[in-house]
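Protein chains in written order, with our numbering: chain A, 1 to 150; chain B, 1 to 150.
Simulated from the structure, these hints should not be mistaken for laboratory data.
A portion of the hints provided could be inaccurate.
Just so you know, same-sequence chains aren't split out, so a pair can sit in one copy or run between any two.
[What the hints assert, rightly or not] Result set (DMTMM-like, lysine to aspartate or glutamate): computed pairs, CA atoms no more than 25 Å apart in a straight line:
1) Lys50 to Glu72
2) Lys50 to Asp18
3) Lys56 to Glu72
4) Lys56 to Glu139
5) Lys56 to Asp18
6) Lys56 to Glu127
If you're wondering where the values come from, they're calculated on a predicted model, not measured in any experiment.
Protein chains: 2
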Amino acid sequence: MGVEIERKFLVDGDAWRDEVRESHAIAQGYLSRGAGNSVRVRSYDDQRAKLTIKGKEFGFSRLEFEYDIPIEDARELLELAQPLVIQKCRHIVGAGHRVWEIDVFEGAHDGLVLAEIELGDEAEDFERPRWLGREVTGEEAYYNSTLAGV
Amino acid sequence: MGVEIERKFLVDGDAWRDEVRESHAIAQGYLSRGAGNSVRVRSYDDQRAKLTIKGKEFGFSRLEFEYDIPIEDARELLELAQPLVIQKCRHIVGAGHRVWEIDVFEGAHDGLVLAEIELGDEAEDFERPRWLGREVTGEEAYYNSTLAGV
Numbered sequence: 001m002g003v004e005i006e007r008k009f010l011v012d013g014d015a016w017r018d019e020v021r022e023s024h025a026i027a028q029g030y031l032s033r034g035a036g037n038s039v040r041v042r043s044y045d046d047q048r049a050k051l052t053i054k055g056k057e058f059g060f061s062r063l064e065f066e067y068d069i070p071i072e073d074a075r076e077l078l079e080l081a082q083p084l085v086i087q088k089c090r091h092i093v094g095a096g097h098r099v100w101e102i103d104v105f106e107g108a109h110d111g112l113v114l115a116e117i118e119l120g121d122e123a124e125d126f127e128r129p130r131w132l133g134r135e136v137t138g139e140e141a142y143y144n145s146t147l148a149g150v
Numbered sequence: 001m002g003v004e005i006e007r008k009f010l011v012d013g014d015a016w017r018d019e020v021r022e023s024h025a026i027a028q029g030y031l032s033r034g035a036g037n038s039v040r041v042r043s044y045d046d047q048r049a050k051l052t053i054k055g056k057e058f059g060f061s062r063l064e065f066e067y068d069i070p071i072e073d074a075r076e077l078l079e080l081a082q083p084l085v086i087q088k089c090r091h092i093v094g095a096g097h098r099v100w101e102i103d104v105f106e107g108a109h110d111g112l113v114l115a116e117i118e119l120g121d122e123a124e125d126f127e128r129p130r131w132l133g134r135e136v137t138g139e140e141a142y143y144n145s146t147l148a149g150v
């Protein structure tokens, strides 16, 4: 168990691509969502996979529980995920002393690019890279579960 | 991953209590339920715990994925489970060549007793113990998720 504190932004332009450290193809879907919890299955490069339960949001924070699961299970669980499996390429991007995750969506959300930073506490400050766009933390339209049509 | 094939019955009387092999206190709740899937957290004797995902039902069968999780996680996940955590005592009961699970519900469903048998395939026959009541396989009112108010 952990508490996840993250902030999410739109992205302006492609300048961040010069600072990509690694990239992974992600497929993720939601098995269900109710009572404020979400249950997500995610595969990385179709090689490893995680099952993640997130509790209700409180400000920028939510409880998070994550478990490694066999990739064979993940492939079958993604079949159960409804209505949409999100396909995206995740890039790990350095910016000053910080590391960002930049997700470039494919398929139904082709063209959408979101940047996330994980913080130690809600008040923690951080440098804004020049490619950072409008903050969308907490906007339901940009939840991955919303993008998955849940 | 496995396919779960089980049949469920009401129970008449207490004669099964003479054949109890072991008993465990179970607490279980549902993190969410949607698109036909259910995600359940269950603790046994407040000592060990499992996270279980079940897919849609097809007749007596449904896909099932089960993972051991730390009991500390389970206690917190049960807090997230809404609206109701089911408390029950599960008895493992011998009857001829078969083993049954008999759940005696407590709290909100005090008085309810359900017997389940797991089968190798849907057509498999089995001996009916004399304490076996009406079959309720597939009746939504007797799903544990329904009993949990999901």
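Verification of the supplied hints:
no.: 1; hint: Lys50 to Glu72; result: both (11 Å within a copy, 19 Å between copies)
no.: 2; hint: Lys50 to Asp18; result: neither (29 Å within a copy, 44 Å between copies)
no.: 3; hint: Lys56 to Glu72; result: between (29 Å within a copy, 19 Å between copies)
no.: 4; hint: Lys56 to Glu139; result: within (14 Å within a copy, 31 Å between copies)
no.: 5; hint: Lys56 to Asp18; result: neither (36 Å within a copy, 45 Å between copies)
no.: 6; hint: Lys56 to Glu127; result: neither (28 Å within a copy, 47 Å between copies)
Hint violations for this structure: numbers 2, 5 and 6, all remaining hints satisfied.
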